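**Student:** In case you want the letters, here they are:
2 protein chains.
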Amino acid sequence: VSIKEIGEFGFIKKISRGCVVRPDDIIRPIGDDAAAFRTNPEELTLVTTDLLVEHIHFSRKTISGFNLGHKSLAVNLSDIAAMGGTAKEAFVSIAVPEDCPVDYLEDLYRGIKKLASEFDVNILGGDTTASKSDLMISITVTGSVPEQEMLRRDKAQPGDSIFSTGYTGESKAGLHILLNSIPAATEEFQSLLNAHMLPKPFLAEGRFLAQQKGVHSAIDVSDGLSADLMHIAEESNTGARLYYDGIPVSENLKKFCAQFNFDPVEYALTGGEDYILLCTVPPDDAENIALDYQKKFKQPLHKIGEITDLKKLEMVYSGDRVESLTPQGWDHFKSNIL
Amino acid sequence: VSIKEIGEFGFIKKISRGCVVRPDDIIRPIGDDAAAFRTNPEELTLVTTDLLVEHIHFSRKTISGFNLGHKSLAVNLSDIAAMGGTAKEAFVSIAVPEDCPVDYLEDLYRGIKKLASEFDVNILGGDTTASKSDLMISITVTGSVPEQEMLRRDKAQPGDSIFSTGYTGESKAGLHILLNSIPAATEEFQSLLNAHMLPKPFLAEGRFLAQQKGVHSAIDVSDGLSADLMHIAEESNTGARLYYDGIPVSENLKKFCAQFNFDPVEYALTGGEDYILLCTVPPDDAENIALDYQKKFKQPLHKIGEITDLKKLEMVYSGDRVESLTPQGWDHFKSNIL
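For the protein sequence lines, the chains are E and F, in the order given. Just so you know, the first sequence maps onto residues 66 to 403 in this note's numbering. Just so you know, the second sequence maps onto residues 66 to 403 in this note's numbering.
Next comes chain E alone, as it looks inside the complex (with noise of 0.2 Å):
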């Protein structure tokens, strides 16, 4: 049997089983977007890690140094403001196929460092190794956040209304014009790229997320809108109910697809990789919470809709018509940059 056959999920429950054998002061172990574990009596440690493996993830063909350095460590960053925390010390390993030169390692990181040092992040180890084939980079954070004001993902009700931080859908674009090599001549294609290439860690918004009373669950997105959305859900033991006139569709997403035939909205609830954070707030706290981040962010909290207790995703569509809604997105166990 593969982890193709039986899924990333699959997998990941099976092994999960016997990880924490010393419980005390573990708040969050496997399953949110960073463990929490208490170091000191008012301040959780965050920790989260992602693996980004060439031919899967990027190709070095189609990404320079400084976007793949940036785009490693910004992936960890988002997972540490999902859950609220700032973040502090970054630790970076590379393996390293004969034909990469050293070059493109050093522009590698200068992308990690540039945006590390942006967001007062040090860079204190790793490991550097050679490797047969394949560039890999696995970049572990570590973050903290006061115990009170943690965000995760198992704390949605019914009833909550559910904000986005921006759009989704254009960092697959951006990919569906590396993969295609479309010319991005374009100030829209261009900028649909660095959504693939350099997303943002909406690490301020986190921490101004967590902040506020009433907050009560989010997530990155890092899997797709949708996918990501079912996890809080899954988590939580609730539904989402998602509004189809308020799926937030940039421009460039607009334009791209009208040029190519495709979906906005599909794209927007399947795309994976956008690194916006979604998050569910009671309906008698949203509106001035998204007021406060509008007048903070001068950038507008989405409302996409709202937490139900039916225990499935459904879109709810003009005229009040529902829908069953089945979450999608990036499986890099069957999909893959060639």
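Watch out, some of these pointers could steer you wrong.
[As the list claims (entries may be wrong)] With a Cα cut of at most 20 Å, we get these calculated DMTMM-like pairs of lysine to aspartate or glutamate:
| hint | chain 1 | residue 1 | chain 2 | residue 2 |
| --- | --- | --- | --- | --- |
| 1 | F | K79 | E | E171 |
| 2 | F | K78 | F | E299 |
| 3 | E | K69 | F | E163 |
| 4 | F | K78 | E | E163 |
For the record, the hints were derived by calculation from the structure and aren't laboratory data. Small disclaimer: the values here were computed from a predicted structure and weren't measured.
Knowing the structure of chain E, use the given hints to seat chain F on it.
**Tutor:** Same frame as chain E, but now just chain F:
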């Protein structure tokens, strides 16, 4: 230019500038067995990470999932041991090629979990992804140590006695047995294989040494006895002198070397992947610490040499003849397991 040309340490030197942007509370950045930073007033958090790559560090053809799991975690626990710390949480990332059966991976996690639970270490997360060709395991381990007790590489003093907690060279002999498909029918050969595949993390021993007043510095032997001793000497701005007759050589290694006409001391000096600890202790404390160690662990602390102020590595032969020694060890950019 490839890493092979400038060497792993040349590369690390190139990229380790500008890594610390927020120096407060950072006690050890890149350059020791683990990074150390303050997360509460009394204790430091330690973090270490190691990447094991198929065809470079191991071959699935010659190591069981269980043993590979054990080894992947053990090398990280050994780094925490070398800092005098207690290991706490582990994060396990794997990149899995399509031809790797779930059975092998479950066996790998069994190996990790068995060792983890032996040392009271939780597995709190990780990442699971596909790989185009090679299996890779990236493990990060956190630990803790009281600030006053932390052991480091850079505090050896001229005159210090150098101690080792065990035998070196056995792991290299085990690797030779593996690579040449030599039948490990005898108990001796089996024990050499085990030294290679099931290294013991010296965590209790590291904690003991950390709690003794007087232990100046420590390191674990991963690159090779002479290479790792050179790390202590270089970081401490000292030299070191080994006693030819003091290098511990196990009976099993002697038998192996006699059979294949190898030099057992050469093996012990340059082997690598031994994961015993070296420490340096001022001569006044040396005898007491060695006695207490023997009493507690029923194993000797081997006195193998002394720290000098000569900024080089030397070997003292019988009759007090002293010769320069070139530190040598395993370099995975130059050699690999096919």
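**Student:** Each hint: holds or not?
**Tutor:** Structure-based check of each hint:
Taking the CA atoms of F/K79 and E/E171, the gap is near 8 Å; set against the 20 Å cutoff, the hint holds. For the proposed pair F/K78 and F/E299, the alpha carbon gap of about 14 Å is at most 20 Å, so the pair holds. For the proposed pair E/K69 and F/E163, the alpha carbon gap of about 7 Å is at most 20 Å, so the pair holds. Taking the CA atoms of F/K78 and E/E163, the gap is near 19 Å; set against the 20 Å cutoff, the hint holds.
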